[in-house]
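Chains F and X supply the protein sequences, listed in that same order. Under my numbering, think of the first position of the first sequence as 48, with each following residue one higher. Under my numbering, think of the first position of the second sequence as 3, with each following residue one higher.
In case anyone wonders, no lab produced these hints; they're calculated from the structure. Do not rely on the hints blindly, as some may be mistaken.
[To be verified] Here are the simulated lysine-lysine pairs, DSS-like style, with alpha carbons at most 30 Å apart: (1) F:Lys124 <-> F:Lys99; (2) X:Lys59 <-> F:Lys96; (3) F:Lys99 <-> X:Lys59; (4) F:Lys99 <-> F:Lys115.
If you want the building blocks of each chain, they are given just below.
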Amino acid sequence: GNSVTQMEGPVTLSEEAFLTINCTYTATGYPSLFWYVQYPGEGLQLLLKATKADDKGSNKGFEATYRKETTSFHLEKGSVQVSDSAVYFCALIHGNKLVFGAGTILRVKS
Amino acid sequence: DTGVSQDPRHKITKRGQNVTFRCDPISEHNRLYWYRQTLGQGPEFLTYFQNEAQLEKSRLLSDRFSAERPKGSFSTLEIQRTEQGDSAMYLCASSRPWAGGQDTQYFGPGTRLTVL
Numbered sequence: 048g049n050s051v052t053q054m055e056g057p058v059t060l061s062e063e064a065f066l067t068i069n070c071t072y073t074a075t076g077y078p079s080l081f082w083y084v085q086y087p088g089e090g091l092q093l094l095l096k097a098t099k100a101d102d103k104g105s106n107k108g109f110e111a112t113y114r115k116e117t118t119s120f121h122l123e124k125g126s127v128q129v130s131d132s133a134v135y136f137c138a139l140i141h142g143n144k145l146v147f148g149a150g151t152i153l154r155v156k157s
Numbered sequence: 003d004t005g006v007s008q009d010p011r012h013k014i015t016k017r018g019q020n021v022t023f024r025c026d027p028i029s030e031h032n033r034l035y036w037y038r039q040t041l042g043q044g045p046e047f048l049t050y051f052q053n054e055a056q057l058e059k060s061r062l063l064s065d066r067f068s069a070e071r072p073k074g075s076f077s078t079l080e081i082q083r084t085e086q087g088d089s090a091m092y093l094c095a096s097s098r099p100w101a102g103g104q105d106t107q108y109f110g111p112g113t114r115l116t117v118l
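Model the full assembly from the supplied sequences, consistent with the hints where possible.
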């Protein structure tokens, strides 16, 4: 079936550190891939997406590249800020529904 | 776009009671989705509408759950005879058709249900 696996958190970093959150997927075909972010007390917001292999999605300094060979879509940011503290969800689309990973909590300390 | 809105934001109820949630999608989005998110997990798909037609339902949606979108605009999700296991965040999302067939879903803030 279709599924998404994310690295377990929480991930705790100091401000300006480099961030990687791993995401791998299992799917039939080549679905679009997404990263959503959920800030404390708020709903899910689309962070970035990629619709085909080798595409790079980017937004707000975050990047992720659709890797067909490794079935991965790892999220990276070169220098995190305290305001990036949130829960990050990797997802794929299967038909008309999103399939999410369990989420990774990111905590950034000043 | 004013965004997807949901009402209420929080609902506390006693086991056995019925509850109803409302979702207003982004205007002109013809697709509307309901998801459920339990603590520490990612959202799970419940059901999906295109205009007023309910096109897909998850096996998670038991007989106690019913969703409607009567005029193709707002939607309601009703849970009858609530159980403690229904406690979760109920999320609504909407999207518009895209030529590529895989449109971006935009989420509302959710309704947090607590069943005592």
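Next pair to validate is F:Lys99 with X:Lys59; report whether the Cα-Cα distance is within 30 Å. holds (27 Å)
For the pair we were handed, X:Lys59 and F:Lys96, check the Cα-Cα distance against 30 Å. It holds: about 25 Å lies between the C-alpha atoms, which stays within 30 Å.
Pairwise hint evaluation, F:Lys99 against F:Lys124, where the allowed Cα distance is 30 Å at most: It holds: about 21 Å lies between the C-alpha atoms, which stays within 30 Å.
Starting from F:Lys99, check that the Cα of F:Lys115 is at most 30 Å away, please. holds (9 Å)
The structure is consistent with each of the numbered hints, conforming to all of them.
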